[in-house]
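Number of protein chains: 2
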Amino acid sequence: MKLSLGITADLHVHLRQNKMMELITPTVRQGGVSVVYVMPNLTPPITSIAQVVEYKAQLQKLSPKTTFLMSFYLNQDLTPQLVEQAAQEKLIRGIKCYPAGVTTNSKLGVDPNDFSKFYPIFTVMEKHNLILNLHGEKPSVQSEQNEEDDIHVLNAESKFIPALFKLHKDFPNLKIVLEHCTTKDAIEAVQKINENTTGTPTVAATITAHHLSLTIDSWAGNPINFCKPVAKLPRDKKALIDAATSGKPYFFFGSDSAPHPIHDKSKHIGVCAGVFTQPYVLSYVAEVFEQRNALDKLKDFVGTFGLSFYGITDDELVSKDTVSLAKKDLFIPELIGEKDLQVAPFKPGETLHWEAIWDN
Amino acid sequence: MKLSLGITADLHVHLRQNKMMELITPTVRQGGVSVVYVMPNLTPPITSIAQVVEYKAQLQKLSPKTTFLMSFYLNQDLTPQLVEQAAQEKLIRGIKCYPAGVTTNSKLGVDPNDFSKFYPIFTVMEKHNLILNLHGEKPSVQSEQNEEDDIHVLNAESKFIPALFKLHKDFPNLKIVLEHCTTKDAIEAVQKINENTTGTPTVAATITAHHLSLTIDSWAGNPINFCKPVAKLPRDKKALIDAATSGKPYFFFGSDSAPHPIHDKSKHIGVCAGVFTQPYVLSYVAEVFEQRNALDKLKDFVGTFGLSFYGITDDELVSKDTVSLAKKDLFIPELIGEKDLQVAPFKPGETLHWEAIWDN
Numbered sequence: 004m005k006l007s008l009g010i011t012a013d014l015h016v017h018l019r020q021n022k023m024m025e026l027i028t029p030t031v032r033q034g035g036v037s038v039v040y041v042m043p044n045l046t047p048p049i050t051s052i053a054q055v056v057e058y059k060a061q062l063q064k065l066s067p068k069t070t071f072l073m074s075f076y077l078n079q080d081l082t083p084q085l086v087e088q089a090a091q092e093k094l095i096r097g098i099k100c101y102p103a104g105v106t107t108n109s110k111l112g113v114d115p116n117d118f119s120k121f122y123p124i125f126t127v128m129e130k131h132n133l134i135l136n137l138h139g140e141k142p143s144v145q146s147e148q149n150e151e152d153d154i155h156v157l158n159a160e161s162k163f164i165p166a167l168f169k170l171h172k173d174f175p176n177l178k179i180v181l182e183h184c185t186t187k188d189a190i191e192a193v194q195k196i197n198e199n200t201t202g203t204p205t206v207a208a209t210i211t212a213h214h215l216s217l218t219i220d221s222w223a224g225n226p227i228n229f230c231k232p233v234a235k236l237p238r239d240k241k242a243l244i245d246a247a248t249s250g251k252p253y254f255f256f257g258s259d260s261a262p263h264p265i266h267d268k269s270k271h272i273g274v275c276a277g278v279f280t281q282p283y284v285l286s287y288v289a290e291v292f293e294q295r296n297a298l299d300k301l302k303d304f305v306g307t308f309g310l311s312f313y314g315i316t317d318d319e320l321v322s323k324d325t326v327s328l329a330k331k332d333l334f335i336p337e338l339i340g341e342k343d344l345q346v347a348p349f350k351p352g353e354t355l356h357w358e359a360i361w362d363n
Numbered sequence: 004m005k006l007s008l009g010i011t012a013d014l015h016v017h018l019r020q021n022k023m024m025e026l027i028t029p030t031v032r033q034g035g036v037s038v039v040y041v042m043p044n045l046t047p048p049i050t051s052i053a054q055v056v057e058y059k060a061q062l063q064k065l066s067p068k069t070t071f072l073m074s075f076y077l078n079q080d081l082t083p084q085l086v087e088q089a090a091q092e093k094l095i096r097g098i099k100c101y102p103a104g105v106t107t108n109s110k111l112g113v114d115p116n117d118f119s120k121f122y123p124i125f126t127v128m129e130k131h132n133l134i135l136n137l138h139g140e141k142p143s144v145q146s147e148q149n150e151e152d153d154i155h156v157l158n159a160e161s162k163f164i165p166a167l168f169k170l171h172k173d174f175p176n177l178k179i180v181l182e183h184c185t186t187k188d189a190i191e192a193v194q195k196i197n198e199n200t201t202g203t204p205t206v207a208a209t210i211t212a213h214h215l216s217l218t219i220d221s222w223a224g225n226p227i228n229f230c231k232p233v234a235k236l237p238r239d240k241k242a243l244i245d246a247a248t249s250g251k252p253y254f255f256f257g258s259d260s261a262p263h264p265i266h267d268k269s270k271h272i273g274v275c276a277g278v279f280t281q282p283y284v285l286s287y288v289a290e291v292f293e294q295r296n297a298l299d300k301l302k303d304f305v306g307t308f309g310l311s312f313y314g315i316t317d318d319e320l321v322s323k324d325t326v327s328l329a330k331k332d333l334f335i336p337e338l339i340g341e342k343d344l345q346v347a348p349f350k351p352g353e354t355l356h357w358e359a360i361w362d363n
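Quick mapping for you: the protein sequence lines, in order, are chains A and B.
Going by this note's numbering, the final residue of the first sequence carries number 363, and the count climbs one at a time with no gaps.
Going by this note's numbering, the final residue of the second sequence carries number 363, and the count climbs one at a time with no gaps.
Keep in mind that a hint or two might mislead.
One copy or any two copies: either way a pair holds, since identical chains are not told apart in the list.
Unchecked claim - EDC-like mimics (lysine to aspartate or glutamate), calculated; alpha carbons at most 16 Å apart, straight line:
id: 1; residue 1: K162; residue 2: E341
id: 2; residue 1: K241; residue 2: E151
id: 3; residue 1: K187; residue 2: D153
id: 4; residue 1: K187; residue 2: E150
id: 5; residue 1: K350; residue 2: D317
id: 6; residue 1: K323; residue 2: D362
The set of hints was computed from the structure by calculation and includes no laboratory data.
For clarity, every value in this text was computed on a predicted model and none was experimentally measured.
Model the full structure from these sequences, guided by the hints.
Set out below in structure tokens:
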């Protein structure tokens, strides 16, 4: 049995730097993905044209047939002029916004309680159809006065939603992606914004592979499943699966595959946040869609919808190779890499039932 | 500055077996605790008189001045006759009930949806004033039908509360302790049961040292703070501190100090649940009480109330040494133990401000 997916897209990937980059970048193609949107949270973060050009060249060399879409890291180093130039030269596709302190390499991020100082940049982005990618979490706060004001990993995403509504109101034509949704609240918010949308939406949400199968119980005691935003309650997982299989064009795939060396995941203090799914992304997603009897919705979720939202045209693709999923057992190893750099993939030691195969 | 605590009691401790027992047992006295109630979740669980006698002798040898109260592990190996005999011979103080599968060494525990087969045992316990210690969590369940029926680590304790009410209704004179409360719901339930209580309560709750300072954010990415029940939301922590400092005799101290070798806490999969607080238990608690301006309530919480609920008389104490807290800096090491067995204490590398000192 074979399932044709055409040109596939993973619109949120972490490909890292140096040795990790060398190990991970080829796994994009291994996982059956044609187009990736690359996160800019390197050390230092990507905030210049020179960095974008150099990073993209490094990635392209490691995986010549993958189409890499690049991004800037929103912070005070960016200027409207710089964004204007990058847009005109078609070097970036969007800008990623990290609230300071909520996840890996986010300490140079922004204060999510006040985006106004970036409004001149958003104006340029709107004009050039650049995408604003939001890590939609408020930093944790323990209120002494009012427990309604408490923010913790469980409600951090829900507490961010008013900021999304405000941004959309202030920039109704700015394309915004609420990245790696984990809650029913977030799904409902994006649905609400799109209630009366006809044609291509301006606000969308990405959903990861791992959040389609994790809940809070999955990461309690299993740092391999710990990521930010954390997986939430069973009802949230159901809402994510509903959205991913809904056939609505504003819910599409972004894996947020986030590799860390195994020693950074096996610690009693300070475990790095991130789930690594890249080599098998489509297989994880297919598993969930099959259980839902929704394999007919898979091609749109992992391809058409994201490509359309990002406005990817055929002539931008460095390769027009298409991919299919074949029904066969796929064993997930405990670790990938060599002794000096090993990464544990999601669901190690488990057997999945679909494998990505490049057509030709 | 010195704070006299008299005879102190920690009514929920894990002292383990073999080398771990040898390392941990002396830390009870190091931590300033006179009387401990010892958990029976050994391998195999304690379900016979011979095991109780032997285990107590081992512990007593390791810490001659500590008063050890012993317990049985509730499961099908126990009979009313055996419990009757153990009670008459004053070998046990109570019986611990673990729902199967919710925490360390609980797989031989009971089905918390139906306690009725243990009712003959509870009848004997009620008669002899033995204490029923409840690990109050329902096992996780993902409902396909109704999200109200979902059970996960966050609501597992709240979902257990109806079982507590039923037990109390069916055995109004049975002394019950809801162990290591972590939620506002649990605190309110125990408060409700005691609303009209005069004299010694029959239903009480223990509160740990670590749950007075942890929330869900504390264990996300920090397995050292991962325990069962997991620490919950800020509002729950506030409710626990309110209860501990309330001066109500049905809220008292049980540390649930649960040591694991460091390698079992530093894993990317299958981290053992438990926070190890034993050597510094009183210091952790004093820190929280001081912040709350409630040091005057400390002696009751870590001594009087628990001793009274358990009905400990002076002639049962193997030592009448009393303890005080001295105001001085206390540095918590990163690890305790020797190379072949190391355990990370709670708040490693931090400096606390009260140290337990034995009076004389």
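Tested hints:
For the homomeric pair K162 and E341, neither the shortest alpha-carbon distance inside one copy (41 Å) nor that between copies (46 Å) is at most 16 Å. In this assembly of identical chains, K241 and E151 lie within 16 Å of each other by CA distance solely across copies; the values are 13 Å between and 25 Å within a copy. Only between protomers do K187 and D153 lie at most 16 Å apart by alpha-carbon distance; the minimum there is 15 Å, versus 19 Å within a single protomer. Taking identical chains as interchangeable, the C-alpha atoms of K187 and E150 lie at most 16 Å apart only when they sit on different chains, with a minimum of 12 Å there against 21 Å within one chain.
Taking the shortest alpha-carbon separations for K350 and D317, neither the intra-copy value of 34 Å nor the inter-copy value of 56 Å comes in at or below 16 Å. When the C-alpha separation of K323 and D362 is checked against a cutoff of 16 Å, the pair qualifies only within one copy, where the shortest distance is 10 Å, while the shortest distance between copies is 80 Å.
This entry does not satisfy hints 1, 5, going by the numbered hints stated previously.
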